[in-house]
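K.L.:
Generate the whole structure from the sequences, applying the supplied hints.
Last residue of the sequence shown: 232 (the UniProt record's numbering), numbering continuous.
These are calculated hints, taken from the structure and not from any lab test.
There may be inaccurate statements among the hints.
[Stated by the list, open to error] No farther apart than 27 angstroms at their CA atoms in a straight line, the calculated lysine-lysine pairs in the DSSO-like style are these:
id, residue 1, residue 2
1, 92, 212
2, 61, 92
3, 92, 52
4, 52, 212
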Amino acid sequence: MPFLSSAGEVSELYLGSEGVELDASNPDNRFRLDWLASVGDLLDQVAAEPTKPLVITATGKFFSNGLDTDYIAANASGLPRYLDRVHELYVKLLTLPVPTVAAVNGHAFGAGAMLALCADVRVMRTERGFWSLPEAALGMPFTRGMSSLIRTRLTDAAATEAMLTSRRYGADDAVGAGIVEESVDVDRLVGRAAELGLERAPLAGPNLGLIKRGLRQPLIADLETPTPATLL
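P.N.:
Shown next as structure tokens:
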């Protein structure tokens, strides 16, 4: 399960399980219900004492492979509420009252790619992994909130290409498209993310959360709009 680590002046939230490269029960950090609850609780802990920048990363091959497709296939009637819970997680990260940096250590697909967009800044490893929105290739729609998130956080050209082509972006291509700010060797990935967070550390506190909420008010309104049962 995801865990929080305090590394000096920076907090680190790992999307996988402590002590292992891959969690055997959830090796690609999909958005299972227990995983969503765990990450949400950890973000609440950070928000309760907003003094340190937060780096969000994982170990192993995946940052996050996104939605729990097994759960969706077995619980079609529960899909709207499930997606609403995903949106709730996005809102928590978007409005966190500390600087946030996503250190994309591996594949970030679908909802996992969108989670990275919720951070203030993103860095991505150079050697391995893709950032991608595969929904078009999979025959899946985007929710209103997800579309708004992508459209808000990326340029129109990048959002159009990413959403309509399901392109897989390596680190350098992601920098070129403005999806991430920097491409970094894996050995420096988390350290560089921490440096970027520390540059903004003096701004941490409740006021930063208020500013983020005001800045992103239309996006948050879209994410807080209940998902209709007619989505699919």
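K.L.:
Tell me if the straight-line CA distance from residue 52 to residue 212 falls inside 27 angstroms.
P.N.:
Between residue 52 and residue 212 the Cα gap is close to 16 angstroms, so the pair holds against 27 angstroms.
K.L.:
For residue 61 and residue 92, compute the direct alpha-carbon distance and say whether it is at most 27 angstroms.
P.N.:
holds (25 angstroms)
K.L.:
With the threshold set at 27 angstroms, check whether the alpha-carbon distance from residue 92 to residue 212 stays at or below it.
P.N.:
Holds: residue 92 and residue 212 sit about 11 angstroms apart, inside 27 angstroms.
K.L.:
Check whether the Cα positions of residue 92 and residue 52 lie no farther apart than 27 angstroms.
P.N.:
holds (16 angstroms)
Consistency with the previously given hints is maintained throughout, with no hint failing.
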